[in-house]
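S.K.: In case you want the letters, here they are:
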Amino acid sequence: MHRIVSKKQLSEEVFRITVEAPFIAEARKPGQFVIVQRNSDYAERIPLTIADADPSRGTITLIFQTVGKSTHKLAELEEGDYIQNILGPLGRPTHIEKFGRVVCVGGGIGAAPMYPIAQGMKQAGNYLIVILGARTKELIIMEEEMRALADELIVVTDDGSYGRKALVTEPLKELCQASPRPDCVVAIGPPIMMKFCAETTRPFGIKTIVSLNTIMIDGTGMCGGCRVTVGGETKFVCVDGPEFDGHLVDFNNMMLRLSAYKEIEQKAHEECHLEMQLKEMKSTKGKGNP
Amino acid sequence: MIDTTKKLTPKERLAIPPQEMPAQDPIVRRRNMEEVALGYTEEQAHLEALRCLQCKNAPCIASCPVRIDIPGFIAQIAEGNYKESLSILRESNLFPAICGRVCPQEVQCQSTCTVGRSLKDIDKAVSIGRLERFAADWERLHGELEVPSVKPPTGKRVAIIGSGPAGLAAAADLAKEGHEVTIFEAFHKPGGVMIYGIPEFRLPKAIVQREIEILGRMGVKIITNFLVGRTRSLKDLLEKDGFDAIFIGSGAGLPKFMGIPGENLVGVFSANEYLTRANLMKAYEKGKADTPIYPAKRVAVLGGGNVAMDAARMAVRLGAEEVFVIYRRTEKEMPARVEEVAHAKEEGIIFRFLENAKRILGDEKSRVIGIECLSYQLGEPDASGRRRPVEIPGSEHVIEVDSVIVAIGNESHPLLLQTNPEIAVDKHGHIITDETGKTSMDRVYAGGDIVLGSATVILAMGQGRRAAASIHAFLMGNG
Ligand SMILES: Cc1cc2nc3c(=O)[nH]c(=O)nc-3n(C[C@H](O)[C@H](O)[C@H](O)COP(=O)(O)OP(=O)(O)OC[C@H]3O[C@@H](n4cnc5c(N)ncnc54)[C@H](O)[C@@H]3O)c2cc1C
Ligand code: SF4
Ligand code: FES
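Chains as they are written, first to last, in this note's numbering: chain L, -2 to 287; chain F, 37 to 515.
One chain only, chain L, in its complex shape (with noise of 0.2 Å):
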């Protein structure tokens, strides 16, 4: 059993909480994962990066949006609440080593497991460039902390409601353009995001370094359910990954296949957002929202 010891709403869909994971605030590095599970009966097991831990205090930080009826339930969970099942550290760690210049792109959701690779690089005393990007400024999430982090950060949404109005491809591209040229790009986000960084980066020939996240379920090698075609060859990403060379990864055909259940998700999905609607009708005086 795993207390949540806070819970912070960052945006409207985008949720932090830090609970109580002794064992893996100790053993974790930058670049796993873990499997969240609310409670054994039914609950889904989903598959959630660790954005920072603090072994003293034995609790790890995890960052999620609520895209589907599992995270939404995961939402619903407050501060002294207990969830069930967090199994990991899982996956192999980042490769972190003095690269020279690297550049980190997070897009939306993506740069929060980006923050402690982020925090490595720079440590192994590479110089380091940020970009983060979403669809529009609520959705910018770690600003302040790589800000403090980063020897440069740019910021830009789709919608330009903040920073410059452009995808993170842009000034990807303009980076790889100028001299110095990055020696290593690292970019998690959304499959589509991280498809067209490597897409960006290939005539360059700069290593780019993408975290898959993809459906999973048991996170140990057992079911073959995360499995992603890389360099023509299958891999699991629970245990050869999650990282994996973007040149290599065939983005296509792992957003095919982590629509799978999009039909029954997007029914779920609906049916839970109903019955919130309908939980709050009943409690007027219930959680404040109007």
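These are computed hints drawn from the structure, not numbers from a lab.
Possibly wrong hints are sitting among the right ones.
To be verified - Label-pair ranges, simulated between beta-carbon atoms:
#	chain 1	residue 1	chain 2	residue 2	range
1	L	M(-2)	F	G255	42 to 50 Å
2	L	M252	F	A378	40 to 48 Å
3	F	R422	L	D247	37 to 45 Å
4	F	E447	L	K26	49 to 57 Å
5	L	S53	F	G513	37 to 45 Å
6	L	Y39	F	V143	51 to 59 Å
7	L	P200	F	E447	52 to 60 Å
Stated by the list, open to error - With a straight-line Cα cutoff of 30 Å, these simulated DSBU-like cross-link-like pairs (lysine-lysine) come out:
#	chain 1	residue 1	chain 2	residue 2
8	F	K333	L	K259
9	L	K232	F	K292
10	F	K225	L	K26
11	L	K232	F	K271
12	F	K292	F	K241
13	L	K232	F	K318
14	F	K257	L	K259
15	L	K232	F	K225
16	F	K401	L	K264
17	L	K4	F	K324
18	F	K292	F	K187
19	F	K225	F	K257
20	L	K232	F	K257
21	F	K324	L	K264
22	L	K26	F	K276
23	L	K119	L	K259
24	F	K324	L	K70
25	L	K232	F	K333
26	L	K232	F	K463
27	L	K26	F	K271
28	F	K156	L	K259
29	F	K225	F	K187
As the list claims (entries may be wrong) - Partial selection, computed: residues in chain F whose CB lies under 8 Å from chain L:
#	residue
30	P140
31	E142
32	P291
33	N300
34	R313
35	K318
36	D326
37	S402
38	G406
From a predicted model like this one, the values you see are computed outputs, not experimental measurements.
We put the CB at the ideal spot given by N, CA and C, even for glycine.
Following the hints, put chain F with the ligands in place on chain L, whose structure we already have.
M.R.: What follows is chain F with the ligands alone, placed relative to chain L:
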């Protein structure tokens, strides 16, 4: 009618008809998750037990992997002494209710049974497995939960990795000797394949949970959500956490795929994933479970073992209208338990023997729409004496399906070994042990599928017990 109250002659015993296993009606059970085989009635068990000739040489014992005193436990059933019968079973087999249900008896004890030989039909051998199940169920339904006595604490601590049959058996034997035992399990529920793989309709989860409960009462601690190698290393368990010895029973993990085009299309699953979604994550309880299962009306299952049968029968229960089992050889070579194949046929599963998948076809959204197969014929015998299937050129044909489940076996679990290179493994990634279950790493033992490759519950259990005996000897200074 034979008078069963008198002492019977062998001839009279041979004349008793083999007792059929009562089972749920196939039409009904196609749509439910409840156990298919219902178990003998007391009267049936009595009659079946009387069929045993009580052979002096008891060939059945020699072909039982854990050497159960088979005539002994059967004689007690014939006498109506079910409790004594179970005690005899438990001397050699810790989990008779499980093994009675899932052991491949037709290639073990029942394959050499004198009755089957005399009647020239191995299907007419004494139903040893069903009787084993009867004795175990009788206790479960009528008796108290009996907890084996535990010796005074030795002060020694043993870590067990994995809670499948190998780990549970090792834990039980070590706890009885008075050692402090902790099981570490990666999943959120203990039981290994018996919980996440073998479906409820073949092995009710309550039975496995009962065995685990007994372990709990014996003082065994079970820590779930703990992946040794990631959450903590083997070394840390020995050096920081003060365990005196470790038993690895981590099972056969990594599912094998065919390596054919289209295997990463949407709608292609390993049997492990499909069964885990259905069993462990309870996807069959639609409306309650949050974990979805891919909706499919026509399903192809590749393989011919128990895993393939379970996946095919699960697909039927999850609403598939037509399910094909595609197997390269013929029915005779199928490694699945005979009873499961028979049940699968009754449930309307379509067997396509001497066929093999060549590629999986998808639509523009990469969703499975069919599978292209090749036909085979039996050629010359190979080294093992089995006639080798050879493909018939130009025999390509397509079966329309919307989902494909790959059940062609597992490779060894890579993780522990990735993180512990000092443990020697063979070329398949299976841990190498000596005849006592000891690995090349000091104080570390192993057993079950991680050593044997995909094996069976009873072999895994036997290996767990063997390693427990040598760990005990080592801890007490006689190792
Ligand atoms: C669908 C299916 C049907 C089968 N049907 C039959 C049958 O009818 N009859 C029969 O005899 N056999 C059958 N088998 C085979 C049988 O189940 C296995 O041989 C047996 O379970 C192996 O036992 P084990 O203890 O070695 O491993 P498992 O049962 O595989 O258990 C291993 C456990 O270890 C855990 N684990 C792995 N790595 C770690 C780690 N690093 N840290 C912590 N925990 C870890 C796993 O999560 C798992 O729970 C079947 C198998 C399958 C998949
Ligand atoms: S071989 Fe058959 S008949 Fe003989 S003792 Fe064993 S079960 Fe009984
Ligand atoms: S999540 Fe099951 S193998 Fe990766």
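S.K.: State for each hint whether it applies.
M.R.: Evaluated hints:
no.: 1; hint: L/M(-2) x F/G255: 42 to 50 Å; verdict: 21 Å, violated
no.: 2; hint: L/M252 x F/A378: 40 to 48 Å; verdict: 43 Å, holds
no.: 3; hint: F/R422 x L/D247: 37 to 45 Å; verdict: 38 Å, holds
no.: 4; hint: F/E447 x L/K26: 49 to 57 Å; verdict: 26 Å, violated
no.: 5; hint: L/S53 x F/G513: 37 to 45 Å; verdict: 40 Å, holds
no.: 6; hint: L/Y39 x F/V143: 51 to 59 Å; verdict: 38 Å, violated
no.: 7; hint: L/P200 x F/E447: 52 to 60 Å; verdict: 38 Å, violated
no.: 8; hint: F/K333 x L/K259; verdict: 18 Å, holds
no.: 9; hint: L/K232 x F/K292; verdict: 12 Å, holds
no.: 10; hint: F/K225 x L/K26; verdict: 26 Å, holds
no.: 11; hint: L/K232 x F/K271; verdict: 28 Å, holds
no.: 12; hint: F/K292 x F/K241; verdict: 26 Å, holds
no.: 13; hint: L/K232 x F/K318; verdict: 27 Å, holds
no.: 14; hint: F/K257 x L/K259; verdict: 40 Å, violated
no.: 15; hint: L/K232 x F/K225; verdict: 26 Å, holds
no.: 16; hint: F/K401 x L/K264; verdict: 20 Å, holds
no.: 17; hint: L/K4 x F/K324; verdict: 27 Å, holds
no.: 18; hint: F/K292 x F/K187; verdict: 43 Å, violated
no.: 19; hint: F/K225 x F/K257; verdict: 13 Å, holds
no.: 20; hint: L/K232 x F/K257; verdict: 35 Å, violated
no.: 21; hint: F/K324 x L/K264; verdict: 14 Å, holds
no.: 22; hint: L/K26 x F/K276; verdict: 19 Å, holds
no.: 23; hint: L/K119 x L/K259; verdict: 38 Å, violated
no.: 24; hint: F/K324 x L/K70; verdict: 14 Å, holds
no.: 25; hint: L/K232 x F/K333; verdict: 28 Å, holds
no.: 26; hint: L/K232 x F/K463; verdict: 20 Å, holds
no.: 27; hint: L/K26 x F/K271; verdict: 18 Å, holds
no.: 28; hint: F/K156 x L/K259; verdict: 56 Å, violated
no.: 29; hint: F/K225 x F/K187; verdict: 28 Å, holds
no.: 30; hint: P140; verdict: 23 Å, violated
no.: 31; hint: E142; verdict: 29 Å, violated
no.: 32; hint: P291; verdict: 5 Å, holds
no.: 33; hint: N300; verdict: 6 Å, holds
no.: 34; hint: R313; verdict: 7 Å, holds
no.: 35; hint: K318; verdict: 6 Å, holds
no.: 36; hint: D326; verdict: 4 Å, holds
no.: 37; hint: S402; verdict: 4 Å, holds
no.: 38; hint: G406; verdict: 17 Å, violated
The structure does not agree with the numbered hints 1, 4, 6, 7, 14, 18, 20, 23, 28, 30, 31, 38 stated previously, though it agrees with the rest.
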